[in-house]
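Enquirer: If you're matching them up, the sequences are chains X and L in order.
Quick note: the first sequence uses my numbering, first residue 1, plus one each step.
Quick note: the second sequence uses my numbering, first residue 1, plus one each step.
No lab work stands behind these hints: they were computed from the structure.
Misleading hints may appear alongside valid ones.
[Stated by the list, open to error] Examples of chain L residues lying across from chain X (beta carbon under 8 Å, computed):
1. Glu107
2. Val114
3. Ser115
4. Gly119
5. Ala123
6. Ala125
7. Ala126
8. Gly128
9. Thr130
10. Pro131
11. Gln133
12. Met135
13. Arg137
14. Pro141
15. Gln142
16. Leu188
[Said to hold, decoys possible] Derived lysine-lysine pairs resembling DSS-like cross-links, with alpha carbons at most 30 Å apart:
17. Lys67(X) <-> Lys122(X)
18. Lys214(L) <-> Lys160(L)
19. Lys77(X) <-> Lys67(X)
20. Lys145(L) <-> Lys214(L)
21. Lys77(X) <-> Lys23(X)
22. Lys141(X) <-> Lys67(X)
23. Lys141(X) <-> Lys214(L)
24. Lys120(X) <-> Lys135(X)
25. Lys141(X) <-> Lys145(L)
26. Lys122(X) <-> Lys141(X)
27. Lys160(L) <-> Lys145(L)
28. Lys122(X) <-> Lys145(L)
29. Lys145(L) <-> Lys120(X)
30. Lys160(L) <-> Lys141(X)
31. Lys135(X) <-> Lys122(X)
[Said to hold, decoys possible] On the chain L side, residues computed to face chain X include the following (Cβ under 10 Å):
32. Glu86
33. Glu122
34. Met129
35. Gly132
36. Ile138
Even glycine gets a Cβ: it sits at the ideal position worked out from N, Cα and C.
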Amino acid sequence: MDPQAKIEITALRKQFGSLVVLKDINLTVAPGSVVALIGPSGSGKSTLLRCINLLVTPEGGRVRVGKDVFSFDADTKLPGVRQLAQFRANTGMVFQHFNLFPHMTALGNVMEAPVTVRRKPKAEARQHALALLAKVGLADKVNEYPSRLSGGQKQRVAIARALAMEPEVMLFDEATSALDPELVGEVLAVMQQLAAEGMTMVIVTHEIAFAREVADRLIFMRDGVVVEEGPARQVIDSPREAATQAFLSHFHRAGAPAATPPA
Amino acid sequence: MYQWDFSFLWSYRWLFFQGLGVTVGFTVAIVVLGLVAGLVSALANLSRFGLPRWLALSYIEVFRCTPVLVQLVWFYYALPVLSGIEISAVSASILALSLYGGSFYSEIIRGGIVSIDPGQNEAAAALGMTPGQAMRRIILPQALKRMVPALMNQSIIQFKNTSLVSVLAVPDLLYQGQVAAHDSYRPLEVYSAVAVAYFVLLFPLTAIVRQGEKKLATSD
Chain X
1 MDPQAKIEIT ALRKQFGSLV VLKDINLTVA PGSVVALIGP SGSGKSTLLR
51 CINLLVTPEG GRVRVGKDVF SFDADTKLPG VRQLAQFRAN TGMVFQHFNL
101 FPHMTALGNV MEAPVTVRRK PKAEARQHAL ALLAKVGLAD KVNEYPSRLS
151 GGQKQRVAIA RALAMEPEVM LFDEATSALD PELVGEVLAV MQQLAAEGMT
201 MVIVTHEIAF AREVADRLIF MRDGVVVEEG PARQVIDSPR EAATQAFLSH
251 FHRAGAPAAT PPA
Chain L
1 MYQWDFSFLW SYRWLFFQGL GVTVGFTVAI VVLGLVAGLV SALANLSRFG
51 LPRWLALSYI EVFRCTPVLV QLVWFYYALP VLSGIEISAV SASILALSLY
101 GGSFYSEIIR GGIVSIDPGQ NEAAAALGMT PGQAMRRIIL PQALKRMVPA
151 LMNQSIIQFK NTSLVSVLAV PDLLYQGQVA AHDSYRPLEV YSAVAVAYFV
201 LLFPLTAIVR QGEKKLATSD
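Between the sequences and the hints, there should be enough to build the whole structure, so can you do that?
Expert: Here it is in structure tokens:
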């Protein structure tokens, strides 16, 4: 399809039991671009994100990230645990609930994968980890355990942890949804900086204003299919599909979610 | 009225010390071997494959659901008949008590592992760790901390279970007590002293367990 693309998803299918969550999804992400996935809960956007690094194994289709390709068709063998691990080492993921390792300091969290997975010498991994923690603004928190960090700080450690593997792409799964409103900005700022540095990113988000500003392309999903896709500003400012218009109407133009409707 | 007299016990002191040495040695052996059996069978029980799960479950249930005294006697008298291999009373005792303890350790370890948030495994996998690396570096260190009180508790039971090896004439603390009791015709004093010896050794251990539980409650 497009050999220039960093991420290429072809005819992706996923079902849990009899529930079909993704139906024939096609998606390409150009190097250095930022794609935002939006949609109501249950639309399959998080599952799609997890299929990109194969945390979730699809039932059919093809996933390519950089040079690594896996096909999931009835006649092809599923990848082994080692192949999967190598594949995932090249993609960074940031989770809604941070998933930091609570028994390690911030520094330990960031050093862990380079040392265990890439067999980097400890001193080298430490230097790199310290630089990454400084980059996300946490130079003074390197020796703190996650339990002593705020949500925003935890998420920034999690971003540094993912960057430590020097991934080809970064995947963000509702990275700010579990944060107190006043802490969202610091995490978005780090994400914005990454985008400006040319990192290829796929972002599942409810921050419409952020998506409009930072994402190059926007994909609106509902019920396991891509309903509308296009330049982020264009889709948000003048959506073509009725479903997209209905979803976006829940957000003010400024991007803050509308007041909760009366129960 | 019975006239208590503990003074004669002093003349049996070396017998008691020898017995105590055997009891402590046995405990160390069956706790270590039991933990190994427990860890291996817990991991097998959590395997993606059917066969190791089935084997682990069979082992755990057979040893949890039969009395340890029966197991001891079976390993000493019945196993040699079945396998044709003679084993000493000491080997039979260590084998039976380790496997018995292991079946309980196994469930404690499995429970500790599954209590860890699945997000931890996901984060480890997303960073490129294999399931083995994730278990060793991320899951087990956290799970072990939660397991410590229950493992200590089971080890205390293991310590007391060593007294059963006296039925196979292994010279542990209880067996030496029996020797002293038969020799002196004073079982009341002898068995009281044996009970005190077990208590004195175990009580500090339970205090450590309680301390550990307190620490656990504050750190998580």
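Enquirer: Hint by hint, say whether it matches the structure.
Expert: So, going through the hints one by one against the coordinates:
{"no.": "1", "hint": "Glu107", "in the structure": "violated, 23 Å"}
{"no.": "2", "hint": "Val114", "in the structure": "violated, 17 Å"}
{"no.": "3", "hint": "Ser115", "in the structure": "violated, 13 Å"}
{"no.": "4", "hint": "Gly119", "in the structure": "holds, 4 Å"}
{"no.": "5", "hint": "Ala123", "in the structure": "holds, 4 Å"}
{"no.": "6", "hint": "Ala125", "in the structure": "holds, 6 Å"}
{"no.": "7", "hint": "Ala126", "in the structure": "holds, 4 Å"}
{"no.": "8", "hint": "Gly128", "in the structure": "holds, 3 Å"}
{"no.": "9", "hint": "Thr130", "in the structure": "holds, 5 Å"}
{"no.": "10", "hint": "Pro131", "in the structure": "holds, 6 Å"}
{"no.": "11", "hint": "Gln133", "in the structure": "holds, 5 Å"}
{"no.": "12", "hint": "Met135", "in the structure": "violated, 12 Å"}
{"no.": "13", "hint": "Arg137", "in the structure": "holds, 6 Å"}
{"no.": "14", "hint": "Pro141", "in the structure": "holds, 5 Å"}
{"no.": "15", "hint": "Gln142", "in the structure": "holds, 5 Å"}
{"no.": "16", "hint": "Leu188", "in the structure": "violated, 51 Å"}
{"no.": "17", "hint": "Lys67(X) <-> Lys122(X)", "in the structure": "holds, 28 Å"}
{"no.": "18", "hint": "Lys214(L) <-> Lys160(L)", "in the structure": "holds, 24 Å"}
{"no.": "19", "hint": "Lys77(X) <-> Lys67(X)", "in the structure": "holds, 19 Å"}
{"no.": "20", "hint": "Lys145(L) <-> Lys214(L)", "in the structure": "holds, 12 Å"}
{"no.": "21", "hint": "Lys77(X) <-> Lys23(X)", "in the structure": "holds, 21 Å"}
{"no.": "22", "hint": "Lys141(X) <-> Lys67(X)", "in the structure": "violated, 36 Å"}
{"no.": "23", "hint": "Lys141(X) <-> Lys214(L)", "in the structure": "holds, 27 Å"}
{"no.": "24", "hint": "Lys120(X) <-> Lys135(X)", "in the structure": "holds, 20 Å"}
{"no.": "25", "hint": "Lys141(X) <-> Lys145(L)", "in the structure": "holds, 24 Å"}
{"no.": "26", "hint": "Lys122(X) <-> Lys141(X)", "in the structure": "holds, 19 Å"}
{"no.": "27", "hint": "Lys160(L) <-> Lys145(L)", "in the structure": "holds, 24 Å"}
{"no.": "28", "hint": "Lys122(X) <-> Lys145(L)", "in the structure": "holds, 25 Å"}
{"no.": "29", "hint": "Lys145(L) <-> Lys120(X)", "in the structure": "holds, 28 Å"}
{"no.": "30", "hint": "Lys160(L) <-> Lys141(X)", "in the structure": "violated, 48 Å"}
{"no.": "31", "hint": "Lys135(X) <-> Lys122(X)", "in the structure": "holds, 20 Å"}
{"no.": "32", "hint": "Glu86", "in the structure": "violated, 44 Å"}
{"no.": "33", "hint": "Glu122", "in the structure": "holds, 6 Å"}
{"no.": "34", "hint": "Met129", "in the structure": "holds, 6 Å"}
{"no.": "35", "hint": "Gly132", "in the structure": "holds, 8 Å"}
{"no.": "36", "hint": "Ile138", "in the structure": "holds, 6 Å"}
The structure fails hints 1, 2, 3, 12, 16, 22, 30 and 32 (numbered hints given earlier, in ascending order).
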